[in-house]
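S.K.: These are the residues of each chain, in order.
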Amino acid sequence: MTLPISISAAQGAQVKRPSRYLRNLNSKIASIPMVLTAVVVFLGGTIWTILYSFTNSRLLPRLSFVGIDQYERLWSTARWMVSIQNLATYGILSLIFSLTIGFLLAALMDQKIRFENTFRTIFLYPFALSFIVTGLVWQWILNPEFGVQAVVRSMGWTSFAFDPLYDSDIVIYGILIAALWQGTGLVMCLMLAGLRGIDEDIWKASRVDGIPMWRTYIFIVIPMMRPVFVTTLVIIASGIVRIYDLVVAQTSGGPGIASDVPAKYVYDYMFFAQNLGQGFAASTMMLLTVAIIVVPWAYLEFGGRKRG
Amino acid sequence: MDKSLTAMPNLAGADRLSAGPQGKRPRKVLSGRNIMVYGALTFAAIYYLLPLYVMVVTSLKGMPEIRMGNIFSPPMEITFEPWAKAWASACTGLNCDGLSRGFWNSVKIMVPSVIVSIAIASVNGYALANWKFKGAELFFTILIIGAFIPYQVMIYPIVIVLRELGLYGTIYGLILVHSIFGMPILTLLFRNYFVSLPEELFKAARIDGAGFWQIYFRIMLPMSLPIFVVAMILQVTGIWNDFLFGVVFTRPETYPMTVQLNNIVNSVQGVKEYNVNMAATLLTGAIPLIVYFVSGRLFVRGIAAGAVKG
Amino acid sequence: MNIRAVAAVLAAAVAMPLGAAQATDLEVTHWWTSGGEAAAVGEFAKAFNATGNKWVDGAIAGSGGTARPIMISRITGGDPMGATQFNHGRQAEELVQEGLMRDFTDLAQQQKWAEIVKPTSLLKSCTFEGKIYCVPINIHSWQWLWLSNEAFTKVGVAVPKNWDEFVAAAPALQKAGLVPLAIGGQPWQVNNLFSVLVISIGGKDLYQKVYADKDAAVAGGPEIAKIFKAADDARRMSKGSNVQDWNQATNMVITGKAGGQIMGDWAQGEFQLAGKKAGVDYSCLPGLGLNEVLTTGGDAIYFPLLEDEAKSKAQEVLASTLLDPKTQVAFNLKKGSLPVRGDVDLEAANDCMRKGLDILAKGNVTTSTDQLISQDTQKQLEDLMAQFFASPSMTPEAAQKRFAEVIASAD
Chain X
0 MTLPISISAA
10 QGAQVKRPSR
20 YLRNLNSKIA
30 SIPMVLTAVV
40 VFLGGTIWTI
50 LYSFTNSRLL
60 PRLSFVGIDQ
70 YERLWSTARW
80 MVSIQNLATY
90 GILSLIFSLT
100 IGFLLAALMD
110 QKIRFENTFR
120 TIFLYPFALS
130 FIVTGLVWQW
140 ILNPEFGVQA
150 VVRSMGWTSF
160 AFDPLYDSDI
170 VIYGILIAAL
180 WQGTGLVMCL
190 MLAGLRGIDE
200 DIWKASRVDG
210 IPMWRTYIFI
220 VIPMMRPVFV
230 TTLVIIASGI
240 VRIYDLVVAQ
250 TSGGPGIASD
260 VPAKYVYDYM
270 FFAQNLGQGF
280 AASTMMLLTV
290 AIIVVPWAYL
300 EFGGRKRG
Chain S
0 MDKSLTAMPN
10 LAGADRLSAG
20 PQGKRPRKVL
30 SGRNIMVYGA
40 LTFAAIYYLL
50 PLYVMVVTSL
60 KGMPEIRMGN
70 IFSPPMEITF
80 EPWAKAWASA
90 CTGLNCDGLS
100 RGFWNSVKIM
110 VPSVIVSIAI
120 ASVNGYALAN
130 WKFKGAELFF
140 TILIIGAFIP
150 YQVMIYPIVI
160 VLRELGLYGT
170 IYGLILVHSI
180 FGMPILTLLF
190 RNYFVSLPEE
200 LFKAARIDGA
210 GFWQIYFRIM
220 LPMSLPIFVV
230 AMILQVTGIW
240 NDFLFGVVFT
250 RPETYPMTVQ
260 LNNIVNSVQG
270 VKEYNVNMAA
280 TLLTGAIPLI
290 VYFVSGRLFV
300 RGIAAGAVKG
Chain L
0 MNIRAVAAVL
10 AAAVAMPLGA
20 AQATDLEVTH
30 WWTSGGEAAA
40 VGEFAKAFNA
50 TGNKWVDGAI
60 AGSGGTARPI
70 MISRITGGDP
80 MGATQFNHGR
90 QAEELVQEGL
100 MRDFTDLAQQ
110 QKWAEIVKPT
120 SLLKSCTFEG
130 KIYCVPINIH
140 SWQWLWLSNE
150 AFTKVGVAVP
160 KNWDEFVAAA
170 PALQKAGLVP
180 LAIGGQPWQV
190 NNLFSVLVIS
200 IGGKDLYQKV
210 YADKDAAVAG
220 GPEIAKIFKA
230 ADDARRMSKG
240 SNVQDWNQAT
250 NMVITGKAGG
260 QIMGDWAQGE
270 FQLAGKKAGV
280 DYSCLPGLGL
290 NEVLTTGGDA
300 IYFPLLEDEA
310 KSKAQEVLAS
320 TLLDPKTQVA
330 FNLKKGSLPV
340 RGDVDLEAAN
350 DCMRKGLDIL
360 AKGNVTTSTD
370 QLISQDTQKQ
380 LEDLMAQFFA
390 SPSMTPEAAQ
400 KRFAEVIASA
410 D
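Residue numbers (numbering that gives the first Met the number 0), protein chains in the order written: chain X, 0 to 307; chain S, 0 to 309; chain L, 0 to 410.
Just so you know, these hints were derived from the structure itself, not from any lab. Hints should not be assumed to be uniformly reliable.
Derived lysine to aspartate or glutamate pairs resembling DMTMM-like cross-links, with alpha carbons at most 20 Å apart [as the list claims (entries may be wrong)]: (1) L:Lys-238 / X:Glu-144; (2) L:Lys-256 / X:Glu-144; (3) X:Lys-203 / X:Asp-109; (4) L:Lys-228 / L:Glu-396; (5) S:Lys-271 / S:Asp-96; (6) S:Lys-271 / L:Asp-244; (7) L:Lys-238 / X:Glu-71; (8) L:Lys-400 / X:Glu-71; (9) L:Lys-256 / S:Glu-272; (10) L:Lys-256 / S:Glu-64; (11) L:Lys-53 / S:Asp-96; (12) L:Lys-238 / X:Asp-168; (13) L:Lys-45 / S:Asp-96; (14) L:Lys-256 / L:Glu-346; (15) L:Lys-208 / L:Glu-222; (16) L:Lys-228 / L:Asp-204; (17) L:Lys-45 / L:Asp-56; (18) S:Lys-271 / X:Glu-144; (19) X:Lys-27 / S:Glu-136; (20) L:Lys-238 / X:Asp-109; (21) L:Lys-174 / X:Glu-144; (22) L:Lys-275 / L:Glu-346; (23) L:Lys-130 / L:Glu-92; (24) S:Lys-271 / X:Asp-168.
Build the full structure now, drawing on both the sequences and the hints.
M.R.: In structure tokens form, the structure reads like this:
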């Protein structure tokens with residue numbers, strides 16, 4: 000695929016150009032919305048946020064600088080530490096389970112089965128629902144008085160205890176269950192698209208060589224699907240960093256502060272505590288996390304590589 | 000719009016996916032392997048369907064039954080009252096007209112937002128794929144990173160931008176916001192799709208002297224139905240499910256359905272009416288759900304199609 | 000935007016010759032969405048609509064934390080509503096400083112607000128640099144223990160007369176499968192519960208030293224240690240509440256599933272809506288039956304500065320309506336709060352409201368934490384209390400240490 004480079008070369012030969020800025024003018028005009036969004040909103044907004052994280056802005060943004068006070072306070076706040084720990088637990092488990100479940104489902108779907116469309120729709124439909132809806136449903140299913148716990152107890156196992164949303168130690172797993180329900184369908188779809196991209200001949204060859212199926216998957220197919228895995232990883236990771244709505248809908252961060260996450264800390268301090276500076280400092284830390292995860296990937300994917 | 004992150008590149012095999020399974024059907028339907036495969040899939044399907052089942056069943060029960068019964072049992076007496084209440088008479092504050100008002104507001108917000116955001120993003124993607132200029136990739140990279148920023152962080156900058164443009168509180172402002180936050184993913188989607196189209200087409204058109212817009216409208220657009228469908232599905236669900244922008248950038252007369260859902264669910268008057276909540280939830284989720292059930296196949300096909308080559 | 004402005008000018012031009020009776024829509028945003036609250040707001044709307052204008056209700060559910068950012072965004076974004084609720088105190092301070100809110104000093108002088116609003120501290124929290132920016136509409140006090148008579152009858156224990164008796168009765172309730180003290184999961188509930196314990200068990204002086212003087216030594220000292228012991232009791236007694244919203248917790252008391260709840264006087268609105276009678280079905284102990292001192296916080300309506308003349312006129316009408324004696328009585332009876340005017344007669348007031356009025360008349364009042372400490376400090380205290388009440392493994396000593404730290408850096 001040598002598209003753009005060869006074209007602009009051809010273009011250069013054919014058209015005489017009055018100025019290098021006017022070259023390819025239509026394309027530049029068409030890109031104005033993108034450039035404005037990228038520069039004004041995303042870049043501008045980020046710089047603005049970082050700048051104000053060094054101020055003591057309260058209800059309204061004001062430029063009265065206080066150095067790194069907000070960051071010192073942030074890192075000595077118990078709630079921020081809890082939210083970071085939760086994010087780590089939730090993040091690691093969510094990565095592992097999403098990828099495993101997603102891949103297993105995709106592999107099952109790829110066994111030339113009947114009703115593939117039906118199964119696919121079933122696995123994917125939660126993805127159409129908002130987090131508010133997801134949180135609400137699972138809050139209800141996990142409610143100890145009406146939900147799973149009550150049902151199991153009514154069947155005779157009276158000491159059965161499963162109320163993750165009201166137990167500080169395991170509340171984050173309650174959120175994980177709901178998040179996996181909503182998100183794994185998409186991972187399955189991505190994986191399936193990846194599996195379908197594997198050449199049929201590879202399967203034939205491994206069958207001829209008598210390699211068992213699971214070994215073919217682990218040692219041949221998965222390595223070949225590396226790009227799909229990278230993509231999926233980034234999608235899941237970005238979703239993890241941004242998790243907010245689900246927690247609010249399901250637990251509001253409770254019990255106590257046990258299921259707090261960084262995005263919720265940011266929101267609460269910006270708007271509830273009316274301490275914008277503190278909220279901006281926390282969101283700058285989040286942006287930093289995003290940058291560490293995404294920038295190298297984006298650079299490899301879109302920036303550094305010459306196509307051709 | 001988390002869902003919009005679907006469109007990352009580097010997936011291959013659109014053809015195979017759209018063609019569905021290939022090869023001979025397995026000879027024996029009831030082989031041991033098949034039992035395992037279908038068993039596992041059915042088990043998983045139950046887990047995925049359970050919440051939907053609970054929602055539907057609960058929304059059809061009366062409150063007394065909910066209080067004593069278990070959530071998985073089917074309703075002893077089916078009642079549609081919760082649905083009627085959720086749609087027409089559930090209260091928030093003084094407004095007791097349920098979700099009905101919000102439904103049309105959501106439609107009014109969604110339709111123009113979907114059209115404008117897709118129009119902008121498709122042209123952007125086209126420019127990036129076929130008419131690349133110096134620096135374009137840099138802006139694009141910034142745009143992609145922007146997809147990972149939590150929206151809450153961006154509220155204040157957006158408020159300032161809209162204020163300066165004089166668009167705050169208008170429907171145009173909201174359309175602009177949806178276009179901005181839909182842009183990273185949609186642009187990526189269209190860019191990848193246009194890159195995957197055979198370049199000979201583009202070259203031939205250039206030699207015939209066709210310009211930027213001519214090629215876009217005459218050649219690219221007619222060939223892009225699958226990706227437009229994907230973009231539409233993503234935007235319809237994303238914008239329909241949006242709560243944050245809907246509540247910050249509108250006024251009570253024009254609150255979208257999700258705001259009313261939140262209001263109904265969180266305005267507890269006495270006891271929580273779970274059946275009304277569930278009915279309201281299903282009503283609010285109905286549009287995206289229908290879109291998925293009807294066009295889910297196109298969606299999955301489009302993910303692969305729009306993401307073939309990076 | 001422009002079209003709307005033109006339309007407004009036209010409307011105003013038409014209105015002028017016809018006189019002031021032109022109907023104007025005024026949007027009022029607030030977060031009163033529970034049953035009792037909504038009924039109370041309805042009284043305001045009715046009274047305002049009777050003046051020939053129209054109340055456009057902008058309720059946003061999910062407490063002030065959800066609603067305030069929306070209100071503030073709209074005011075700073077240049078699309079202000081006609082009027083909005085805030086808790087008076089320090090929440091709107093900066094909006095006033097920025098000149099975004101309307102100055103009501105003239106109207107206040109004309110209608111002699113300074114004379115009619117009691118206690119005077121209410122108007123003071125609306126005042127910024129000598130000018131008045133909001134209309135206080137009610138007095139809310141936090142220091143109430145609501146008890147379910149039914150629950151105590153059921154287990155055969157006399158209804159407690161104070162906090163200590165209540166703690167002593169707790170095991171009996173627990174044995175019968177009842178939750179002694181219902182507490183909702185939202186952080187503001189436990190934080191305020193703690194401040195109630197401070198003033199009711201520790202007394203007004205201790206309260207002043209901690210919340211007004213922000214004395215970290217006192218906050219870390221033996222007197223507050225006693226309060227944390229009481230909070231520890233409350234924590235044990237609340238086990239099994241498993242509800243989020245305050246009115247769900249109130250509902251547990253109403254239905255006799257819980258022995259009691261510490262909640263502000265707005266809980267009364269819920270009892271009333273459920274048709275319960277004070278003194279018969281439920282009892283109330285102001286100051287937990289120990290120190291009968293009430294804090295006088297409350298809600299206020301603020302008015303953003305508008306350019307539209309017709310709407311500005313309507314703002315003035317609304318402001319006078321809110322303070323009108325009749326509206327005050329109707330609103331506060333439904334809301335369960337006390338009127339801000341000393342000169343209205345609350346004939347319909349029930350047992351509990353009378354107790355509140357008596358304490359108010361005796362002057363056993365002090366300012367609320369909303370007025371004393373910033374939202375930022377408030378939030379930090381909420382985080383601490385939420386954690387303390389949700390994790391049985393956190394010792395009172397550890398919690399007190401952090402409490403003292405927050406007070407030391409409070410503003």
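S.K.: Now tell me, hint by hint, if it's right for this structure.
M.R.: Against the structure, the hints come out as follows:
1. L:Lys-238 / X:Glu-144: OK: Lys-238 of chain L and Glu-144 of chain X at ~14 Å, within 20 Å.
2. L:Lys-256 / X:Glu-144: 13 Å, holds
3. X:Lys-203 / X:Asp-109: Cα-Cα ~15 Å, so holds.
4. L:Lys-228 / L:Glu-396: Status holds; Cα separation ~9 Å.
5. S:Lys-271 / S:Asp-96: 18 Å, holds
6. S:Lys-271 / L:Asp-244: 10 Å, holds
7. L:Lys-238 / X:Glu-71: 35 Å, violated
8. L:Lys-400 / X:Glu-71: OK: Lys-400 of chain L and Glu-71 of chain X at ~19 Å, within 20 Å.
9. L:Lys-256 / S:Glu-272: Distance ~18 Å between Lys-256 of chain L and Glu-272 of chain S Cα, so the pair holds.
10. L:Lys-256 / S:Glu-64: 19 Å, holds
11. L:Lys-53 / S:Asp-96: 18 Å, holds
12. L:Lys-238 / X:Asp-168: Given pair Lys-238 of chain L, Asp-168 of chain X holds - Cα atoms ~16 Å apart, limit 20 Å.
13. L:Lys-45 / S:Asp-96: 18 Å, holds
14. L:Lys-256 / L:Glu-346: 32 Å, violated
15. L:Lys-208 / L:Glu-222: At roughly 11 Å apart (the allowed maximum being 20 Å), Glu-222 of chain L and Lys-208 of chain L satisfy the hint.
16. L:Lys-228 / L:Asp-204: Measuring from Cα to Cα gives roughly 19 Å; hence the hint holds.
17. L:Lys-45 / L:Asp-56: Between Lys-45 of chain L and Asp-56 of chain L the Cα gap is close to 11 Å, so the pair holds against 20 Å.
18. S:Lys-271 / X:Glu-144: 13 Å, holds
19. X:Lys-27 / S:Glu-136: 12 Å, holds
20. L:Lys-238 / X:Asp-109: 50 Å, violated
21. L:Lys-174 / X:Glu-144: This hinted pair holds, its Cα atoms lying about 19 Å apart.
22. L:Lys-275 / L:Glu-346: Answer holds: Lys-275 of chain L to Glu-346 of chain L is near 18 Å, not above 20 Å.
23. L:Lys-130 / L:Glu-92: 12 Å, holds
24. S:Lys-271 / X:Asp-168: 26 Å, violated
Checked against the numbered hints above, the structure breaks hints 7, 14, 20 and 24 and satisfies the rest.
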